[in-house]
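Asks: Single-letter residue listing:
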Amino acid sequence: MVLPRLKLEKRPPPTLKMKVAAAIGSIALALLFSSILIVQAGVNPLVGYFHLFYGALGDKLSLTETFVRFCPLALTGVACAIAFLCKFWNIGAEGQLYAGGLAATFFGISFLGAPSYLIIPLMTISGFLGGAFWAFIPAALKTRWKVDEVVTTLLGNWIIYFITGAILYGPWQNPVTKWPESPAISEAAKLPILIPGTRFHLGIVLALIVVLIYLVIYWGTAWGYELKAIGANPEASYSMGIKVERNMVLAAILSGGIAGLAGAFEVNGLNFHMKLDLSHGYGYTGIVIAMLGGLHPVGVALAAFFMAIIVTGTQAMHRVTGVPFPLSEVIQGLSLICLLLGNFLTEYRVRRVVE
Amino acid sequence: MINEELAVKMVGITKRFPGVIANNNINFEVKRGEIHSLLGENGAGKTTLMNILYGLYAMDKGEIYIYGEKVDIGSPKDAIKLGIGMIHQHFTLVPPFTVTENIILGYEGNNLILKTDEAEKRIMELAEKYGFEVDPRKKVMYLSVGEQQRVEILKALYRGAKILILDEPTSVLTPPETKQLFNILRRMADEGKSVIFISHKLDEVMEISDRITVLRKGKVVSTVSKDETSKRELAKMMVGREVIFLLSRPEVEVGEIVLDVQGLFVLDDRGLTAVKNVYLNVRRGEILGIAGVAGNGQKELAEAIVGVRKALKGKIFVEGKNVTNRPPYELMSMGIGYITEDRVGKGLIIDLTVKENLISKVYSAMTRKLFFLDKDLAERYSKWLIKEFDIVAPSPETPAKTLSGGNLQKLLLARELAIEPTLLVASQPTRGLDVGATEYIRERLLEQKKRGTAILLISEDLEEILGLSDRVAVMYEGEIMGVLPVKDANIEDIGLMMAGAKRLNR
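Those sequence lines, one after another, are chains Z and A.
Mapping of the first sequence onto this note's numbering: residues 1 to 355, in sequence order.
Mapping of the second sequence onto this note's numbering: residues 1001 to 1506, in sequence order.
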């Protein structure tokens, strides 16, 4: 058999339309591939996907649950996007989330008598600072000594995870249940529920505000322009007068801070104590979301919402049809792989070589 | 021991690259036992010709004979089989491997077990024969550049090279290392091997060669015997132009000193001293041209002045202020413009739009209320520059990467000139551009001079230097060989200085 010879040809730069098409196409392709697994589980994929989407969007309660997932996902998505914009490859949103969660919990369980209007802002700010600190270390290492941030941020995830474990099995171990989880935060520290009878908490609105802030940075500010320029060509940016290192550290701090907010809101909006499985891989999903959204604020918000649907929906599908819910992660992973392929195809066209 | 037998005979070699003829009907012969230099400026076609001989490029037309036999060299493998070895400027060694391992790597690939001992013995024999000093057991990562080069030569000899091509071999060497290399080459020639020595340095060429072939713009100017020529004649052949072409230059009153460089030393990326004790000044309304073959420290000099490369020693003053080793964001605010020679890699941000590129030096001034960019102003600013500088782009929102080379250069020029710089450092501003764009950019530079900008013009194109500059400085091996007013400039002298064979007293 003679294999046809293929050649890659560079296309003109992809337009916005092509980029959107690539994102949607890759999601469709990921769902298509995943349906093989649904069939494997003995379920008609159409039925499976119906339950997935119905379970995520079908009624008020499921819709609010999807928004509950949207909160940490939008935050980690924006966190990754800001860092990726200037090509600071922050793979550590997961760890920054835990750092934020730890910092927020510290205040939540320490000042039990504090009123809401004090303790909630305090937990929010400390959550931000915790995540920011955890991102600052790799950023400083990168700008000072050119230490690869992919490695440091990724390994940082495990360091903070095990620190969390040490604290939760040690000083913070729940005295009542003896579980590796912190004592509960005070009633006053809990974020207000905005839709009674659901878990739709204030953090979701704050997450949307963060998306909005990112939109403003991305769209209208000189700083957003600087980050884009640094991401596109750091050397040229430096030589024409942009403070590359300072901006990169700032972006990393903001990125980590936003991921830290996700951790804080998971504590005071949802779980009410710090626990070892605070994040269900939200930090890693944030990477997929940032890429699927093309680092664009609107794209990131939509991608985060889509991922929230998948996370909530696969659980509903599991309950109704018995398809195992780790399918959610399969879909996430496949979407990223398909997207990388899709992005490649928007830049290159594959041609058969006729000899 | 020169033998009349021809080792290499290349007939009518023609090689085209998009837009240029790198080799135009070249005839080139090397005798057995001879050291033959290929002399010429950058882009004269020396390396291309040798890459063809070594099988790296396919020629468009021509014939090659090795020891009288017509051959077809399709790849370096073929070339090696024919006894041709080539030492490139960039070495192809594996650093954690020993000298012996590097030499036999790939060559004895068909044996499963490497006979290192035997190989080592042969390497020692070869080294002794030609006067190398190498330790075959040492790892290449611990060797100096000169030693690494010797390993490359040994590798070629080990594979039975009888014809050895060296591409600018001395550019990475210290003077004693050069001496040592020359001794080796001489011994090889005495043994009946042929050496082809690519260079643009007149002194070295006169020292080592038996015969010299001068190339210019892809053509052979002449092949001469060393004994029948002089540096002066070679310089003239190399540079060529007898008539200096002058643009109509505006008469400008030259003002006070803007740029003052004092005793500057700068390292290159490899950590070698690329700029050595340079003194320069440029006045308001003046163009100082820096002539020289590329790679003699011009790039490092420019980069040190604009702050993207650290100065090792010495001082740089702009308008009387010491700016040595200040970061670009400080220099920029002093009105220093920079046209880098690497416009796509270091000058522009081609993934962004035309507009985003044009505002990249002024956006902070366009920032209103809080941190918001005045989009309307940015739009009008970029539209004005597109029109003013005649940039062919459908709209300000066009991605810069869709622009042609000439338009990219206009884009860069527009960005830098729009800030009305007090000092402009222009490095190879017209390299690779077509005639129209070249002319446009040169006129723009003269226009800017008229407006009182001090311009440091670095170019390989001697015509450009002589056509635009008020004074010319010649750079060779990181040193300024002399500075002279362009009206007193003699092309022959400049050629000699470019090749390091003449120095004016300061």
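Mixed in with the good hints there might be a few duds.
[Said to hold, decoys possible] With beta-carbon atoms standing in for the labels, derived distance ranges:
{"hint": "1", "chain 1": "A", "residue 1": "Q1089", "chain 2": "Z", "residue 2": "P326", "range": "50 to 56 Å"}
{"hint": "2", "chain 1": "A", "residue 1": "Y1142", "chain 2": "Z", "residue 2": "P121", "range": "57 to 63 Å"}
{"hint": "3", "chain 1": "A", "residue 1": "F1371", "chain 2": "Z", "residue 2": "W158", "range": "32 to 38 Å"}
{"hint": "4", "chain 1": "Z", "residue 1": "P326", "chain 2": "A", "residue 2": "R1270", "range": "28 to 34 Å"}
FYI, nobody ran anything at the bench for these hints, they're computed from the structure.
From the three backbone atoms N, C-alpha and C, an ideal C-beta is built for every residue, glycine too.
Asks: Hint by hint, say whether it matches the structure.
Replies: Tested hints:
A:Q1089 and Z:P326 have their C-beta atoms about 55 Å apart, which keeps the hinted 50 to 56 Å range intact. Checked against the hint of 57 to 63 Å, the pair A:Y1142 and Z:P121 passes, with Cβ atoms roughly 60 Å apart. A hinted range of 32 to 38 Å for the beta carbons of A:F1371 and Z:W158 is consistent with their spacing of about 36 Å. Taken as a hint, the range 28 to 34 Å is violated for the pair Z:P326 and A:R1270, whose Cβ atoms sit roughly 52 Å apart.
Against the hints set out earlier in the document, a violation occurs for number 4 only.
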